[in-house]
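Visitor: Just so you know, the sequences run in chain order A, B and C.
Residues in the first sequence are numbered from 303 upward in steps of one, following this note's numbering.
Residues in the second sequence are numbered from 303 upward in steps of one, following this note's numbering.
Residues in the third sequence are numbered from 303 upward in steps of one, following this note's numbering.
Any given hint might turn out to be false.
Same chains, same names: a pair is fine if it fits in one copy or spans any two.
Dumping the calculated BS3-like pairs for lysine-lysine here, alpha-carbon to alpha-carbon at most 27 Å [stated by the list, open to error]: (1) K448 with K327; (2) K328 with K494; (3) K328 with K362; (4) K389 with K448; (5) K448 with K328; (6) K494 with K409; (7) K389 with K362; (8) K492 with K409; (9) K492 with K328; (10) K362 with K448.
These aren't lab readings, by the way, just hints derived from the structure by calculation.
Everything numeric in this text was worked out from a predicted model, so none of it was measured.
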Amino acid sequence: MFYLVIDILGTVAFAISGVLVAMEKKLDVFGVFIIAFVTAVGGGTLRDLLIGNTPVGWMKAPIYIFTILITVIVAILFVHQLKHFRKSLFLFDTIGIGLYTMIGIEKGLLAELTPIICIALGTMTASFGGVIRDILCNEIPVIFRKEIYATVCILGGIIYFVLIQFPIDGTIAYIAGILSIIAMRLLAVKFKISLPNIYRS
Amino acid sequence: MFYLVIDILGTVAFAISGVLVAMEKKLDVFGVFIIAFVTAVGGGTLRDLLIGNTPVGWMKAPIYIFTILITVIVAILFVHQLKHFRKSLFLFDTIGIGLYTMIGIEKGLLAELTPIICIALGTMTASFGGVIRDILCNEIPVIFRKEIYATVCILGGIIYFVLIQFPIDGTIAYIAGILSIIAMRLLAVKFKISLPNIYRS
Amino acid sequence: MFYLVIDILGTVAFAISGVLVAMEKKLDVFGVFIIAFVTAVGGGTLRDLLIGNTPVGWMKAPIYIFTILITVIVAILFVHQLKHFRKSLFLFDTIGIGLYTMIGIEKGLLAELTPIICIALGTMTASFGGVIRDILCNEIPVIFRKEIYATVCILGGIIYFVLIQFPIDGTIAYIAGILSIIAMRLLAVKFKISLPNIYRS
Numbered sequence: 303m304f305y306l307v308i309d310i311l312g313t314v315a316f317a318i319s320g321v322l323v324a325m326e327k328k329l330d331v332f333g334v335f336i337i338a339f340v341t342a343v344g345g346g347t348l349r350d351l352l353i354g355n356t357p358v359g360w361m362k363a364p365i366y367i368f369t370i371l372i373t374v375i376v377a378i379l380f381v382h383q384l385k386h387f388r389k390s391l392f393l394f395d396t397i398g399i400g401l402y403t404m405i406g407i408e409k410g411l412l413a414e415l416t417p418i419i420c421i422a423l424g425t426m427t428a429s430f431g432g433v434i435r436d437i438l439c440n441e442i443p444v445i446f447r448k449e450i451y452a453t454v455c456i457l458g459g460i461i462y463f464v465l466i467q468f469p470i471d472g473t474i475a476y477i478a479g480i481l482s483i484i485a486m487r488l489l490a491v492k493f494k495i496s497l498p499n500i501y502r503s
Numbered sequence: 303m304f305y306l307v308i309d310i311l312g313t314v315a316f317a318i319s320g321v322l323v324a325m326e327k328k329l330d331v332f333g334v335f336i337i338a339f340v341t342a343v344g345g346g347t348l349r350d351l352l353i354g355n356t357p358v359g360w361m362k363a364p365i366y367i368f369t370i371l372i373t374v375i376v377a378i379l380f381v382h383q384l385k386h387f388r389k390s391l392f393l394f395d396t397i398g399i400g401l402y403t404m405i406g407i408e409k410g411l412l413a414e415l416t417p418i419i420c421i422a423l424g425t426m427t428a429s430f431g432g433v434i435r436d437i438l439c440n441e442i443p444v445i446f447r448k449e450i451y452a453t454v455c456i457l458g459g460i461i462y463f464v465l466i467q468f469p470i471d472g473t474i475a476y477i478a479g480i481l482s483i484i485a486m487r488l489l490a491v492k493f494k495i496s497l498p499n500i501y502r503s
Numbered sequence: 303m304f305y306l307v308i309d310i311l312g313t314v315a316f317a318i319s320g321v322l323v324a325m326e327k328k329l330d331v332f333g334v335f336i337i338a339f340v341t342a343v344g345g346g347t348l349r350d351l352l353i354g355n356t357p358v359g360w361m362k363a364p365i366y367i368f369t370i371l372i373t374v375i376v377a378i379l380f381v382h383q384l385k386h387f388r389k390s391l392f393l394f395d396t397i398g399i400g401l402y403t404m405i406g407i408e409k410g411l412l413a414e415l416t417p418i419i420c421i422a423l424g425t426m427t428a429s430f431g432g433v434i435r436d437i438l439c440n441e442i443p444v445i446f447r448k449e450i451y452a453t454v455c456i457l458g459g460i461i462y463f464v465l466i467q468f469p470i471d472g473t474i475a476y477i478a479g480i481l482s483i484i485a486m487r488l489l490a491v492k493f494k495i496s497l498p499n500i501y502r503s
C-alpha cells in the first residue's frame, strides 16, 4: 500500500514532466497525453520487453492509464500554476526514481539475471521514460547531456547489492537502496555535482 | 478474404505515405523501403511486442513484405503521378485505419485485456506506424501535432465496446466499429474539425 | 572460440563508432556509454525482441556489457589517437557486419522463419544498432541516406540461401556468407559504389 502511494506519486511527477516538455513543443491534446504516458511508463515498458514480461506492466494494471489521464487533464488546466509546485514535483520525481530503480532491480532478480544487468534494468526503469519522451519530441535525451540522474540510480543499485552480501533483512536493503538514491540526487542537485567533463581539450 | 483485400489496400496506402515522407527527406532506396515498411507494419509490430505475440505478425506472413516491396518500387517510379491518386490513397488510408483499429482491439480481447487497453492497442495499430516513420525521419510525429487521426480510432473503439453490450452479432459490431471510424475521419477532414486548442493564453 | 573473437572485435568497432558520434554531439560520459552500447547491441536486441527470444542476448552474456564499458573508457581517453586506427576499425566493423548478418540469419532459421525474413533479421542485426544510435543522437540514420551497408548484408544473405540449396557443408556456406559480405563491402567502399539515385528530376 505504501509502495503503491509512492508509485502513483512518481507516476504523477513523471507524467507532469512529460506534459511540460510536450506543451513546450506545442503538441495537441493527444500528443501531450502520449508524451506524458511514455514518460511515466516507458522505462518500465522497455524493461518488461527486454526481460520478456508480456503483456507489459501497464496493460495489466489500468490504474496507471487513469492516473496519467487525470494528471494530464489537471496539468493542462492548471499549467500556469504548476510552477508553484515545482519543489513538490521535484521531490515526487526523486522519490519515484528511487522506487523505480529498486522495482527494476527486483524484476531482474526475479528473472534470475546477474547484478550488473539488474542494475541496468533498474536504471532503465527510472530513466528511459524520459529518453523516449525526448526522442518523441525530437530532442537529444537530456539525461545523455547533463542531468546526473542515471548515475545516481546506478550507485543506488550498487549500494543495494553490496548490502545484501551482509546478513541483513532484504526489505531493509531495499529501502536503503531507495533512500540512498533519494539522498544522492538531492545532494547532487543542491551542490550542482555533475559528471566529469570529457571535453577538456 | 474481404478483410485481406482491405488489409492489403491499407498496407499499400500506409507504405505510400512512408515513401512520400522518405523521399521528401531525400533518403536512398534502402531508406525509402525501410520507412515505407515501418509505416505500414510498425503499429501492429509495437502492439504484438507489448502483448507478447512473437514472432510478430509480418514475420509469419511474408505477403506484407512483398506487398510493400512492390508498392515502393511502383511508388518511386511513378512518384510524379501519385498526386492524381491522392483521393484514392486517402480513402484506402481511411479504410485501413478503420480495419487496423478493430484488428488491434481484437488482439487485445484475445489476450484478455480490459476494454481501455484494447482501445489503446487498436489506436496504436492504426497510428503508430506513422509515429515511427516520423521519428526515423527526424520529425515530431504529425499525429501529436495536428491530425485528428488517433482520436477517431479511440471513438470508434468506444462505439464498438458500447455496441457489444447489446445483444447484437459480434461481426456487426466489428463492422460498425470500422464504418464509424471511416465516417468520423471523412467528416473530420471535410469539416476541418480539430482537437480543442490548449494554448489559448 | 574463433567466432567469439570476431564477435568481440565487431562489438569494439561498433561501440567506438557510437563513442565518436556521441562525442561529436558533446554528450556526457553516461550518454556516450549508452550510445556505444546501443550501437553495439541494438540490432541484435531488436531482432531478439521481434522473434521473442527474451531475455535478449546481452542480458544473458555480461561479457558484452564489460567489453563495451572498457572500450568506452579507452576510446574516451585516447580519442585523439583513434584516427590512427581508422583502418583497423573499419576492418573490424566490416568483419563484424559479416558475422552479425549470419548470426541474425541463423536465429531466424532456428525460429523456423522463411528465408526473406531471415535475411531481414540478419540485416537488422548488422545495421540497426547504427539506426538506434543515430535516432538517439537526433540524426536521420546514415544508412538510410548514403552508406551502402545494409544492401551488402542483404546480398550476402541471398548468397547464403543460394549456397545451401547445393549439397555443400552448412559451415562452408556460413563462412562464404560472411566472406562475401566482407568482400562486397570492401569493394563498395573502394570503388565508391552507391545505390542508384532516385532523385533524377
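Visitor: Evaluate each hint against the coordinates.
Guide: Against the structure, the hints:
In the homo-oligomer, the alpha carbons of K448 and K327 lie at most 27 Å apart both inside one protomer (20 Å) and across protomers (12 Å), since each shortest distance falls under that limit. Proximity of K328 to K494 under the C-alpha cut-off of 27 Å is restricted to the inter-copy arrangement: shortest distance 19 Å between copies versus 30 Å within a copy. Taking the closest pair of Cα atoms, K328 and K362 never come within 27 Å of each other, the shortest separation being 31 Å inside a single copy and 40 Å across copies. For the homomeric pair K389 and K448, the shortest alpha-carbon distance inside one copy (20 Å) is at most 27 Å, but the shortest distance between copies (33 Å) is not.
In this assembly of identical chains, the alpha carbons of K448 and K328 lie at most 27 Å apart whether taken from the same copy (24 Å) or from different copies (10 Å). In the homo-oligomer, the alpha carbons of K494 and K409 never lie at most 27 Å apart, since the shortest distance is 32 Å inside one protomer and 47 Å across protomers. Proximity of K389 and K362 under a CA criterion of 27 Å is satisfied in neither setting, with 32 Å inside one chain copy and 40 Å between copies. In the homo-oligomer, the alpha carbons of K492 and K409 never lie at most 27 Å apart, since the shortest distance is 31 Å inside one protomer and 49 Å across protomers.
Proximity of K492 to K328 under the C-alpha cut-off of 27 Å is restricted to the inter-copy arrangement: shortest distance 24 Å between copies versus 31 Å within a copy. In the homo-oligomer, the alpha carbons of K362 and K448 never lie at most 27 Å apart, since the shortest distance is 34 Å inside one protomer and 31 Å across protomers.
The structure fails hints 3, 6, 7, 8, 10 (numbered hints given earlier, in ascending order).
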